[in-house]
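Student: Sequence:
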Amino acid sequence: MSRFGAALAADPDAERAARRAAHGALGRVAGAPDLVVVTAAVADPDSADQVAAAVAEQVAATGNENCAVVGAMAEGVMGESSLGDAADGDGMPGRGRTSVAVWAARLPGTRVRAFRLHSHRVSRPFEEDLAAGPANGTMAVGGLPEPWPDERVALLFADPYSFPVHGFLARCNALLPQLPFVGGLAPGPAGYGSARLLLGSEAYATGAVGVLLGGELNAAIAVSQGCRAIGPAMTVTEAEGDLLLGLAGRPAYRRLREILAEQKPEVRAQAATGLHIGIALNEYVDEHESGDFLIRGVVGLDPETDGIRVGEPVEIGQTVRFQVRDAASAAEGLRTVLRAARARPGYETIGGALLVSCNGRAAGLFPEPFGAGHDLHTVCSELGTAAVAGFFGSGEIGPVGGRNHLHGYTASVLAFADGD
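For the working numbering, add 15 to where a residue sits in the sequence shown, where the first one is 1.
Keep in mind that the hints are not guaranteed to be accurate.
[Stated by the list, open to error] Listed next, the in silico SDA-like pairs over lysine to any residue satisfying Cα-Cα at most 25 Å (straight line): (1) LYS279 - ALA343; (2) LYS279 - ALA248; (3) LYS279 - GLY289; (4) LYS279 - GLY312; (5) LYS279 - GLY315; (6) LYS279 - PRO318; (7) LYS279 - ALA342; (8) LYS279 - ARG243; (9) LYS279 - MET249; (10) LYS279 - ASP341; (11) LYS279 - ALA263; (12) LYS279 - VAL313; (13) LYS279 - ARG265; (14) LYS279 - GLY246; (15) LYS279 - GLU347.
Calculated from the structure, these hints are not laboratory results.
Just so you know, these numbers come straight off a predicted model, no measurement behind them.
Can you build the whole structure from these sequences, using the hints too?
Tutor: Written as structure tokens, this is what we have:
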């Protein structure tokens, strides 16, 4: 037996699926768990109450009344099914099939503190504390426990419609620069109003839930943005907010057209369906690697101003590079960051991992035989563990360049070293 366990169960009855998945995951853990993560793909979001209660009941039976249980409802869930349930081999059985994935871990020496975040509008000026929300100062966030100096990582699952995740991460970057966040957005099975976030035996329709992990913990973060660079790295010479106007002294749109003209037809086709841009987060390096760029989408082209609108404010002097995304680059990017995580001293043996992958990666990016299960199978294979579970989100949370960001088309992994 191990300190980690994961199981996925598919059943028309959500409560029964939750019980089976919890039984499978908990049965693989040697001793009582300290952290349990639950993700469920259900047609009826109100069944989240039964899912939460069923898992919490089985966790309580292990004898650790302080075990933290958190989770979310999602479009699709991921987990290796070893309970006799066929999950189409892809870990995303949300296609008309109710499924629950449960992940459990015993974390000796680790402080595990669960929390629920809520936001509300305020009229007071922006305050320099964690209660402050987005940069416009109209929202405040409450519920985060006072962080201890030895906090290692925070898990965060949020409803994108009710929680200001961009502002929250920005504020945490400013006030808690050493605390990485890993997780994702879980909008629920039917979008707006269907989100359900799990904490203990309860389900909540708004806000965010998560855990702070501190003390003795060996956990590595791997974030794969899955893009391939095209053209040279260039300095921004003119910009207004998220409107990129000048690159290396040339009009940005003209420079883009020149770069695309130099590419092969298949690359131009990829750019036509999804052009991205990488923004370097550290200007003090001689040569930027792929992991040095924060990937953002190109959201509009303006031939009149020769400008390019991107999904992130850019500043004069920053280095940027255009990017395209395809299955090969996404697959190689994920393998690269996982191997780098495992190459760290003390991480030769990984006990378990949590995975949040973009639902856009699941929807046709990877070819068969794995399809939507590509990321799950890659994580299990590269880390050498079957104790992996998670969900497909509408946004993924993870650090790049030492700062927390909300990503798209990304795989975000939290891997735990097995000290036993």
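Student: Taking the hints in turn, state whether each one holds.
Tutor: Hints, verified against the model:
Of the pairs offered as hints, the one joining LYS279 and ALA343 holds, with about 16 Å between alpha carbons and a cut-off of 25 Å not exceeded. Straight-line distance between C-alpha atoms of LYS279 and ALA248 comes to about 19 Å, which keeps the hinted pair within the 25 Å bound. A C-alpha spacing of about 16 Å is found between LYS279 and GLY289, which places the hinted pair at or below 25 Å, so the restraint holds. Restraint check for LYS279 and GLY312: the C-alpha separation of about 21 Å stays at or below 25 Å, so the hint holds.
Straight-line distance between C-alpha atoms of LYS279 and GLY315 comes to about 22 Å, which keeps the hinted pair within the 25 Å bound. At most 25 Å may separate the alpha-carbon atoms for a hinted pair to count; LYS279 and PRO318 meet this at roughly 23 Å. Note on LYS279 and ALA342: the hinted pairing holds, with a Cα-Cα distance of about 17 Å set against a maximum of 25 Å. Between the alpha carbons of LYS279 and ARG243 the distance comes to roughly 14 Å, so the proposed pair stays at or under 25 Å and holds.
With a CA separation close to 21 Å, the supplied pair LYS279 and MET249 stays within the 25 Å bound. Note on LYS279 and ASP341: the hinted pairing holds, with a Cα-Cα distance of about 14 Å set against a maximum of 25 Å. At roughly 23 Å between alpha-carbon atoms, LYS279 and ALA263 fall within 25 Å of each other, so this suggested pair holds. A distance of roughly 20 Å separates the Cα atoms of LYS279 and VAL313; the hinted pair therefore holds under the 25 Å criterion.
Taking the CA atoms of LYS279 and ARG265, the gap is about 23 Å. The hint holds against a cut of 25 Å. Taking the CA atoms of LYS279 and GLY246, the gap is about 12 Å. The hint holds against a cut of 25 Å. Our distance criterion of 25 Å between C-alpha atoms is met by LYS279 and GLU347, whose separation comes to about 20 Å.
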